[in-house]
Each structure stands twice: as C-alpha cells, then as structure tokens.
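> This is what each chain is made of:
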Amino acid sequence: MRDKFTPFSELMKKIAAGEFVYTGELEPHKTTDISETIEWARTLKATGKITAANVTDNPQSTACISSLVAAYIVQRDTDLETIYQLRTADRNRLALVSDVLGAGALGLRNILALTGDHPMVGDNPEAKPVFDLDGTQLIALIKQIVYEGKDPAGKDIANPPKINVGAAAQPGADLLEMEILKIARKADAGAEFFQTQVVFDVHVALRFLDEASNLGVPILIGIFPPKNYGYAEYFSKFVPGVTVPDQFLADLKKLSSISDKAERKRKINEYNVDYFYKFIHEIRKKPACKGCHIMAVGYPEVIEPIVERVEKGA
Amino acid sequence: MIVVRPKPLDELLGFLQGHKKILIIGCDGCTTPPRGLREAQTFANLIELAGKVKGLAISPKAATLPKTCDSHIVYSTMANQLANVEAMLSLACGIGVQVLNEVFPGVQTYPGNDTIFNGMQEKEGGIFDERCRACGSCILGETGGICPIARCAKSLLNGPCGGCFEGKCEVTFNREKHDCAWYLIYNRLKELGRLEDFRKFRLVRNWNLLVGPRKQVGVY
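Going down the list, the sequences are from chains A and B. Using this note's numbering, the letters of the first sequence map in sequence onto residues 7 to 320. Using this note's numbering, the letters of the second sequence map in sequence onto residues 6 to 225.
I should point out that these hints are in silico values taken from the structure, not numbers from a laboratory. All residues carry an ideal CB built from backbone N, CA and C; glycine is no exception. Heads up, a few of these hints could be off.
Said to hold, decoys possible - Capping the alpha-carbon separation at 20 Å, the derived lysine to aspartate or glutamate pairs in EDC-like fashion look like this:
no., chain 1, residue 1, chain 2, residue 2
1, B, Lys182, A, Glu217
2, A, Lys291, A, Asp280
3, A, Lys243, B, Asp15
4, B, Lys205, A, Asp138
5, B, Lys205, A, Glu217
6, A, Lys291, A, Glu217
Said to hold, decoys possible - Covered, in the sense of this in silico footprint (three residues per stretch, anywhere, with C-beta under 8 Å from a C-beta of chain B), are these stretches of chain A:
no., segment
7, 121 to 133
8, 182 to 190
9, 234 to 243
Let the sequences and hints guide you as you build the complete structure.
Written out as structure tokens, the structure reads:
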C-alpha cells in the first residue's frame, strides 16, 4: 500500500509541496466541556505557524472524551486542521471501521494510527484489552478503506473517506536497529507520515533521521520546550527513551533559580527559543525531516518565535 | 504444563459443606505444581482440619488418576471406588473437573484449583510463566520459537509497541515488569540471522480461532 498516496489534508498537501510543517498537540480530558481544548487550539492557530494539531485518544489509557468528537469540534470551531489519534487498544475492527468512516463524514483528513497503551497502565485497569489489530495493521486497514473502498473482510464501502494516515516513531529507542525495522513495517503497511516521540538531544534526532532516510516517509520530529526545569527533569527521569542533555538540564535549573518571576520567564523563553531554533535548524538539513511536532503544552508563547527564527535562518 | 493455583480453603468448604464422605482426587497428568496423590492427601488433611474448626463433619479420602482428561481412564479407575461418596473435589485442571462431572453425573465434582494458563517454570523458584494460548494458528516458526500471542500483553503481531523499553513491557506483574516478547523475538531472530522475519508485516489475524467453544473433528 506504500505506493498509494493522495494528499487530502492541508498537512500532507504542504509536505508534498516541500514545505517544512509544524504540528501541535491537544489533549481533551474526561469531560464533556472541551472549551479549554478549543481555547488552546485557537492559541495554536493564532501563532500562524501550526498547520494541524493532534487530538489525543485516551492518553496513557485514561478514559477521556472521544477523540473523534473532540477533533471534529476543534476543527469546526477553530478552523485548525486536526490529526485524529486512533488507538486499537479499545476498539475491534468493526469499531475502527465505524470511526474511520465517521471521521471521513465529519471532514477529518488525518488519522494517527496507534496501538495505544495497555489498559492495565491506565485509570480503568480491569478493562478487557481489545488489540484486535495493532497500530501497523490499522495503518493498512485505513489505506484499504481509503484507496480500495473495502473493509477488513473485503466488503465494499460506499463513498470511502479521504484521509491521510500517519504513525508514531521513537528516535530514542534503546535498540535503534529494531525501531527502524519496526517503522519500516509501518512504511510497508502504508504510513504516509511519522510523528515522533519527544526528542531533546539533537544527536538522537539526527541519527534517527539518517537511519530512517531510505524509508521515503516524511518525518516530523517531536519536541517539547519545557516552561520550567520541572518539565525537563520529568522527561529526563520518568519518560523511557527520552534523553535530556545534561547541559540543557543544568542551564534550565540555573535559569529557574532567578528570583524575579518576569525575568525568570523571559530568560527561560529566550533559552528555549534559542535551543529549539538551533535544534530545528540542524534537523531540517536532513532530507527525511519534513517538519516538527511541537508539544508545547500550556506554553504557546515560544512557538511563534522559534518558528520565526527558523524561517529567518538566524 | 497446565498451571493451577489452589482455591482458597473457605471457598472449598463452601462447596463441601453438607457433604460428609468426600473424595479428593489428584491428577498425575499435566497440572503444575504437582497435584498427585501426595497433594490430594494434603488437601484431605487440610479440609478435614478446617472442617473441624468450623464445626463441619467432613470426612475426606484421597485418591489420584493418571490422566483426568481421559474419560476411559477415569471410568475404569474410579467406577468401583465411589460407593457412598457424596461429592468429589478434583485437583486436575478445569478439563478434569468437567470430565469427572460428565462421567459420574450422580456425584458432583468441585474444582480444587483455579486453572490459570498453559506454561512452565523457567527455573526453580515457584514462578510459572505462560507460554501457549492455544490460539489455533501457531506462528512460532516465524518468531524464533517465542510466542507473541501468549507472551506479549497485547498479543501483537507487529511488535514491539511503544511500551517496550530496555527489553521490558509497560505492563507489570506484582510490580515487576515482564520481559517484552517482541524484544526477545528480535534478539532471537538476530541471533539466528533471520531479521527479515522480524521486518515482515503481518496481516490481521483470525481471532475466531480463539473463540469458544472450540471443536476439533477427526484430524490426528
């Protein structure tokens, strides 16, 4: 299925046109009120730099509002294109087909196909895990629905949806060779773009981009400018596969000790803008790198300056 | 082996109260830890003692069967031993308990164990690991002899998932992380020089092969 590709979404149209793209992230919670999510989407949109934003599906296996519904409302109310995240952890193939068709009918144009965390790590650990398909098989299923108009059993689908499908990748995997073989499978299944786990160390990103370059799939490297030392420390200590360079941690710790709040904030912002400008400046030299997935949760003020510096090249 | 775990004594007494002549039947077949005559005798002693403490006059005897899942063996071995027996407690797996109920419908047989999974004890120490889900479509030939259906928490065919780090799974058991099956598969296939089997994209499988009740007709 890797040979079949039509850019349906703004995201994929821009990538196909050679533009370096930026995506953001929205995490709706366990509520029917998604005004906070919509507000954050408006903020991302207002930067003028974000082409599309992911809408998470039961992150860490905590039961939240449907990502399909949230992605649709965000797109309708803010005009920010969404990347609907869809996990196989909670749905069998019938439910997946239903949701993919539903997404098409609602005008969603991107899906990020995920396996998802095991329910045992989430907030309803006694749930029966589904995993009828895995994330890679979901990519293939979506491609089959979109390009062949067939469901898993080969039954015809009238008026198939027009959706692009992406997948996740982990540049910081402890066995990079295994990770590359794994995403090669996803490329074979038809993945049209990759968004990666957060990377702080530019060498990790560059090595991954080199190793993945022959897959021919556009890669958006994930970054997370931390608004204080605590976030950076959290990633360093608790998120498997994410290495935060010692210098970065030390610098941020030093800046976090500035007693004047406004000055502290200004200095940390400056530091993040400088650090991630240089980071993006380096990674975009690699042909496989077509964009950056910015997970600046609750920290929108750095997005515009980072991207502007990248655009100016200084 | 079929891995079993003894049911709590209170649950067993609940089954047996109201009965006096009880036969505790071990199984010398594939249950593990062993559930033969020695264990049947231990169960009998425990139940008699616990019954006395609770004021129940239970008088259990112990016996064993070579293979409780074979109805012919069960009938020929037990048929003349059941005079006056009011109830039986089987230490076999769930299959054995059902065979006894079917072969001797006049006497109810209760389960002495919870049957947990098909597995093995990797090394001494009383830790048993699941190895086979009897899924009906064996892929061990492609995965270096390591089963992702039984040993991956998500039964993935295209693993590992993002929850694998440094060879461990995101799912924990008794606060200890499992080995990631796909990490083991990767290392094994690398050792065998067959990473192309790892790289292969595996299509959606037919989970119906795992939907019960399953039946096998006349193929040996």
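> It remains to establish, for every hint, whether it holds in the given structure.
Evaluated hints:
{"no.": "1", "hint": "B/Lys182 to A/Glu217", "result": "violated (29 Å)"}
{"no.": "2", "hint": "A/Lys291 to A/Asp280", "result": "holds (17 Å)"}
{"no.": "3", "hint": "A/Lys243 to B/Asp15", "result": "violated (45 Å)"}
{"no.": "4", "hint": "B/Lys205 to A/Asp138", "result": "holds (19 Å)"}
{"no.": "5", "hint": "B/Lys205 to A/Glu217", "result": "holds (18 Å)"}
{"no.": "6", "hint": "A/Lys291 to A/Glu217", "result": "holds (14 Å)"}
{"no.": "7", "hint": "121 to 133", "result": "holds (count 5)"}
{"no.": "8", "hint": "182 to 190", "result": "holds (count 4)"}
{"no.": "9", "hint": "234 to 243", "result": "violated (count 0)"}
Checked against the numbered hints given earlier, the structure breaks hints 1, 3, 9 and satisfies all the rest.
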